[in-house]
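S.K.: Going down the list, the protein sequences come from chains A and B.
Taken in order, the first sequence gives residues 1 to 115; the numbers are from the working numbering.
Taken in order, the second sequence gives residues 1 to 111; the numbers are from the working numbering.
Please note that the accuracy of each hint is not assured.
If you anchor each label on the Cβ, the simulated ranges turn out as follows [claimed, not checked]:
#, chain 1, residue 1, chain 2, residue 2, range
1, A, Glu79, B, Asn19, 40 to 48 Å
2, A, Gly40, B, Leu80, 18 to 26 Å
3, A, Asn28, B, Pro40, 24 to 32 Å
4, A, Arg72, B, Val59, 25 to 33 Å
5, B, Asn25, A, Lys57, 20 to 28 Å
6, B, Ala66, A, Asn73, 41 to 49 Å
7, B, Thr53, A, Glu62, 40 to 48 Å
So these bits of chain B aren't anywhere near chain A, every CB distance computed over 10 Å [what the hints assert, rightly or not]:
#, residue
8, Gln16
9, Glu17
10, Thr21
11, Glu58
12, Ser70
13, Ser79
Derived by calculation from the structure, the hints in this document are not laboratory data.
Note that CB positions come from ideal geometry on N, CA and C, so glycine has one too.
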Amino acid sequence: EAQVTQNPRYLITVTGKKLTVTCSQNMNHEYMSWYRQDPGLGLRQIYYSMNVEVTDKGDVPEGYKVSRKEKRNFPLILESPSPNQTSLYFCASSPGLGGGGYEQYFGPGTRLTVT
Amino acid sequence: LAKTTQPISMDSYEGQEVNITCSHNNIATNDYITWYQQFPSQGPRFIIQGYKTKVTNEVASLFIPADRKSSTLSLPRVSLSDTAVYYCLVGDTGTASKLTFGTGTRLQVTL
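This is chain B alone, in the form it adopts within the complex:
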């Protein structure tokens, strides 16, 4: 089971690009990397998922280097509403196993 490590917190100003890195040194060959966003007292919400290289959707990009031992969630031009906790999760599609979210990264966006 791949354990993940993220910074506890980050601060940013509105309009800046924010990059949050997650370390997952023992990621397995079949594992995918998924990022979630959570607002206070709400359930986490899926942001983006990838296996290798780069994935982009309408809200974020995910960069995964060739060795896949880390990944970086990139949020372009953040706004106050992006203030939340961000979690990365590593797991595969075919093996039912327990999931460990970790403590996440608390992003604070200010004016």
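Next comes chain A alone, as it looks inside the complex:
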């Protein structure tokens, strides 16, 4: 089954404790990205990647890191989480270089709470 998986689905952590949210897709897609969603603000893109070892900033990259060492995986790293990073996070993938021109497949989401 074609899908995007994220882990963990729920995470409660404390300020400053490094964490990683994993994302994996099994569709051989080029474009992958991370979004955060907060009430009233819609979906905001954090980072995106168009291929292995190629990443770029989205609209809200501050406080986040990503890596793309394999085509299928695109982890999101919070080196020192802060309470303002409490949010619902989605990973997505799509075929081709231009993520906006193709159907994006979204993961189930990770709800992160930083206390």
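Knowing the structure of chain A, use the given hints to seat chain B on it.
M.R.: This is chain B only, laid out in the frame that chain A set:
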């Protein structure tokens, strides 16, 4: 990067046709228009995509005028299960770029 503007919310009764319009005044020649549906605490789901004129699938129609500066998602005979947030997104297939979804349109369907 084409910015999109949508109404914040809309209300409808079950069985009615709903039209949600998205404005994208600076759409580029190679850009496509894609609509997504999102239920609470779930990832957005693809509904329909088009480049110009009209596209129809089993769940919706997409109308795009000749100047392509706007698009209208049409949902025929909505039901309670169509209550969701709807986003339009503009982007092309060949250029890797950041994507801006906007705040979407919250559709509330009631009996």
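S.K.: Next step is simple, just say for each hint if it's right about the structure.
M.R.: Taking the hints in turn, this is what the structure says about them:
no.: 1; hint: Glu79(A) to Asn19(B): 40 to 48 Å; result: holds, 45 Å
no.: 2; hint: Gly40(A) to Leu80(B): 18 to 26 Å; result: holds, 23 Å
no.: 3; hint: Asn28(A) to Pro40(B): 24 to 32 Å; result: holds, 31 Å
no.: 4; hint: Arg72(A) to Val59(B): 25 to 33 Å; result: holds, 29 Å
no.: 5; hint: Asn25(B) to Lys57(A): 20 to 28 Å; result: holds, 25 Å
no.: 6; hint: Ala66(B) to Asn73(A): 41 to 49 Å; result: holds, 43 Å
no.: 7; hint: Thr53(B) to Glu62(A): 40 to 48 Å; result: holds, 41 Å
no.: 8; hint: Gln16; result: holds, 25 Å
no.: 9; hint: Glu17; result: holds, 24 Å
no.: 10; hint: Thr21; result: holds, 17 Å
no.: 11; hint: Glu58; result: holds, 15 Å
no.: 12; hint: Ser70; result: holds, 17 Å
no.: 13; hint: Ser79; result: holds, 23 Å
Violated hints are absent here; each numbered hint is respected by the structure.
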